[in-house]
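**Student:** The lines below spell out each chain.
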Amino acid sequence: MDVTITVNGTERKLELDPRVTLLDALRHELGLTGTKKGCDHGQCGACTILVNGRRINSCLALAASHDGDEITTIEGLGTPENMHPLQTAFVTHDGYQCGYCTPGQIMSAEAMLREAAEGWPSYVSKTLDADPTLTDEEIAERMSGNLCRCSAYPRIREAIAAVRDARNATKEAAE
Amino acid sequence: MRPFDYARADTTSDAATRAAAGATFLAGGTNLLDLMKLEVMAPEALVDVTRLDLHEVEATDESGLRIGALVTNSDLANHATVRAHYPVLSRALLSGATVQLRNKATTGGNLLQRTRCPYFYDTAAACNKRDPGTGCAAMEGRNRILAVLGASDHCIATHPSDMAVAMRALGARVVTEGPDGGRELDLGDLYRLPGDTPNIETVLSDGELITAVILPPPPAGAQSYVKVRDRASYAFALVSVAGVVAVEDGRITSANLAFGGLAPMPWRNEAVETALIGKAPSTETFDAAADILLADAKGHGDNDFKIPLARRTLRRALRELCERAA
Ligand SMILES: Cc1cc2nc3c(=O)[nH]c(=O)nc-3n(C[C@H](O)[C@H](O)[C@H](O)COP(=O)(O)OP(=O)(O)OC[C@H]3O[C@@H](n4cnc5c(N)ncnc54)[C@H](O)[C@@H]3O)c2cc1C
Ligand code: SF4
Ligand code: FES
Ligand code: FES
Numbered sequence: 001m002d003v004t005i006t007v008n009g010t011e012r013k014l015e016l017d018p019r020v021t022l023l024d025a026l027r028h029e030l031g032l033t034g035t036k037k038g039c040d041h042g043q044c045g046a047c048t049i050l051v052n053g054r055r056i057n058s059c060l061a062l063a064a065s066h067d068g069d070e071i072t073t074i075e076g077l078g079t080p081e082n083m084h085p086l087q088t089a090f091v092t093h094d095g096y097q098c099g100y101c102t103p104g105q106i107m108s109a110e111a112m113l114r115e116a117a118e119g120w121p122s123y124v125s126k127t128l129d130a131d132p133t134l135t136d137e138e139i140a141e142r143m144s145g146n147l148c149r150c151s152a153y154p155r156i157r158e159a160i161a162a163v164r165d166a167r168n169a170t171k172e173a174a175e
Numbered sequence: 176m177r178p179f180d181y182a183r184a185d186t187t188s189d190a191a192t193r194a195a196a197g198a199t200f201l202a203g204g205t206n207l208l209d210l211m212k213l214e215v216m217a218p219e220a221l222v223d224v225t226r227l228d229l230h231e232v233e234a235t236d237e238s239g240l241r242i243g244a245l246v247t248n249s250d251l252a253n254h255a256t257v258r259a260h261y262p263v264l265s266r267a268l269l270s271g272a273t274v275q276l277r278n279k280a281t282t283g284g285n286l287l288q289r290t291r292c293p294y295f296y297d298t299a300a301a302c303n304k305r306d307p308g309t310g311c312a313a314m315e316g317r318n319r320i321l322a323v324l325g326a327s328d329h330c331i332a333t334h335p336s337d338m339a340v341a342m343r344a345l346g347a348r349v350v351t352e353g354p355d356g357g358r359e360l361d362l363g364d365l366y367r368l369p370g371d372t373p374n375i376e377t378v379l380s381d382g383e384l385i386t387a388v389i390l391p392p393p394p395a396g397a398q399s400y401v402k403v404r405d406r407a408s409y410a411f412a413l414v415s416v417a418g419v420v421a422v423e424d425g426r427i428t429s430a431n432l433a434f435g436g437l438a439p440m441p442w443r444n445e446a447v448e449t450a451l452i453g454k455a456p457s458t459e460t461f462d463a464a465a466d467i468l469l470a471d472a473k474g475h476g477d478n479d480f481k482i483p484l485a486r487r488t489l490r491r492a493l494r495e496l497c498e499r500a501a
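Residue numbers (the working numbering), protein chains in the order written: chain A, 1 to 175; chain B, 176 to 501.
You may find that some hints are simply not true.
Okay, the calculated bits of chain A under chain B, using three or more residues with CB under 8 Å as the criterion [to be verified]: (1) 15-21; (2) 56-64; (3) 71-78; (4) 81-94; (5) 135-142.
Derived SDA-like pairs (lysine to any residue); straight-line CA-CA distance at most 20 Å [unchecked claim]: (6) A:126 - B:408; (7) A:126 - B:499; (8) B:454 - B:495; (9) B:212 - A:126; (10) A:126 - B:403; (11) A:126 - B:491.
Calculated Cβ distances over 12 Å to all of chain A for the following chain B residues [stated by the list, open to error]: (12) 224; (13) 250; (14) 271; (15) 301; (16) 325; (17) 449; (18) 450; (19) 462; (20) 470.
FYI, nobody ran anything at the bench for these hints, they're computed from the structure. We treat Cβ as the ideally placed atom computed from N, Cα and C, and that holds for glycine.
Sequences are here, hints too, so could you generate the full structure?
**Tutor:** Encoded structure:
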């Protein structure tokens, strides 16, 4: 069946079996192998991408169901020549060991920082009405959908906290 | 995954007609696609309902809330009215799964998600729910996460949803539309206990689509969702308690309680609530309520611990709620 999706700003027309997930469409049809397949069952977060600005697990999404949607993958976030601040922070803070979970961690972290900026609470937020402060505990809870088999969690949180601080500083400077 | 025909529904009646002819509804897909990959479910046709106009959360004339069946778990948890007036629902949603999953998962799909019984997922195991008449491998097996209330000799599966537990405590109603018209029913009446047909989980007929969930006006009192699980985050409930409790002049004046992790459906027992009314909060009061809740509880070995755990979780939930409500 015909499916049209916009991937990292470019419209892509695909002819697919209805069974094809967004993850397999990205990797096998479009050659965008930055998005990883860990479990293929929604449990690990390696396949995290943004759909219309929201993070989802691409392994549990049929491409057919996302006809017309806007997709951002790790390739669309930054490039080796022009790295996204989270990519730089993961390098600086050594936020990985094997690197397999990293694209998913970074996509998830970018969405997480936006969600917090929009005021989304989490399960560990003390109140549901105040703007959340991204403490270490909050970051851990909000990133719990991204597993790291190498257990680089402390450094992953450090890298994310560095970008959080940089964004807060920019915001304060603007105010 | 087995091959299937895919169609996108343009209207609810189109969706209902296709489903009445044998297609399975696809909403967020976070449960259905998982089960299809394992061939635990193998529908020949899917009807994608995600583009139907069921994405709104609106106030009702009765000052309650009407939640479209396709409102995502994230949007519902973050909705300003839900956060302010139905915090038990926000908390329950936020305790479930992860943001990635909640961004896809829908209100209707969450209510109808299937059990996490390990043998239901294992197509080589005997399972009356997946394959009626084959037996139940869980009965003598790894049943740590399974039911102690409402189960039968044929199936001891639990309903895994957190959201549904909060909705049950809030007295939610479910609105449906089917080939023969629509209806509205209490959330508690949506589910069927397993009996000798654990494969039939709800009263919905073929083609009947959930279109909305209706919450009554926000109840008086304090609200909380207490979830006990194996990990601090990203795990299903072993036991959970959704509670709304009001206290006046040192006495409990109202109590709405629903329980997760214990039964094949979000569990509510009005006798538990009645036992609390008019009483002063105390461990004895809470224990008397727990006695009623757990009078018919039956463990199957691995899950025996849930019975004392349910008592302690209820005590803790009630103690905290009564302190906040006082
Ligand atoms: C790793 C993982 C962890 C999870 N942890 C939790 C947790 O801690 N707590 C929790 O509560 N949940 C948890 N979940 C489950 C998750 O909440 C459900 O998968 C989700 O809510 C299902 O919604 P959906 O829209 O994706 O449903 P789908 O997968 O699309 O559908 C589920 C079922 O409902 C039917 N259906 C869907 N919509 C309708 C409708 N409107 N009318 C009639 N039938 C319909 C479908 O045909 C299907 O049979 C977890 C899931 C995963 C994968
Ligand atoms: S408890 Fe129910 S779902 Fe689990 S194996 Fe037995 S019949 Fe199947
Ligand atoms: S590959 Fe999608 S969550 Fe693991
Ligand atoms: S760095 Fe190896 S899995 Fe995370």
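**Student:** Can we trust that residue 449 (chain B) is non-interface, i.e. its beta-carbon lies farther than 12 Å from all of chain A?
**Tutor:** 30 Å, holds
**Student:** Mind checking, does the stretch 15-21 of chain A have 3 or more residues with a CB under 8 Å from chain B?
**Tutor:** holds (count 4)
**Student:** Going straight from one Cα to the other, do residue 126 (chain A) and residue 408 (chain B) come out at no more than 20 Å?
**Tutor:** Since the Cα atoms of residue 126 (chain A) and residue 408 (chain B) sit roughly 16 Å apart, the hinted pair holds (cutoff 20 Å).
**Student:** Is the Cβ of residue 250 (chain B) more than 12 Å away from each Cβ in chain A?
**Tutor:** 10 Å, violated
**Student:** Compute the least Cβ-Cβ separation between residue 450 (chain B) and chain A, then decide whether it is above 12 Å.
**Tutor:** Holds, since 30 Å exceeds 12 Å.
**Student:** Counting residues of the stretch 135-142 of chain A whose CB is closer than 8 Å to a CB in chain B, do you get three or more?
**Tutor:** Coverage by chain B holds for the stretch 135-142 of chain A (3 residues, Cβ < 8 Å).
**Student:** Just to be careful, I want the Cα atoms of residue 126 (chain A) and residue 499 (chain B) compared with a cutoff of 20 Å; is the pair within it?
**Tutor:** Between residue 126 (chain A) and residue 499 (chain B) the Cα gap is close to 14 Å, so the pair holds against 20 Å.
**Student:** With d taken as the least Cβ-Cβ distance between residue 224 (chain B) and chain A, does d exceed 12 Å?
**Tutor:** It is violated; residue 224 (chain B) is separated from chain A by about 10 Å at its closest Cβ, not greater than 12 Å.
**Student:** Non-interface claim for residue 470 (chain B): all C-beta distances to chain A beyond 12 Å?
**Tutor:** 32 Å, holds
**Student:** Counting residues of the stretch 81-94 of chain A whose CB is closer than 8 Å to a CB in chain B, do you get three or more?
**Tutor:** violated (count 0)
**Student:** For the pair supplied as a hint, residue 212 (chain B) and residue 126 (chain A), is the alpha-carbon distance within the 20 Å limit?
**Tutor:** Violated, at roughly 38 Å.
**Student:** Quickly compare the C-alpha distance for residue 454 (chain B) and residue 495 (chain B) to 20 Å and report which way the hint goes.
**Tutor:** 16 Å, holds
Comparing the model with each numbered hint stated earlier shows that hints 3, 4, 9, 12, 13 and 14 do not hold.
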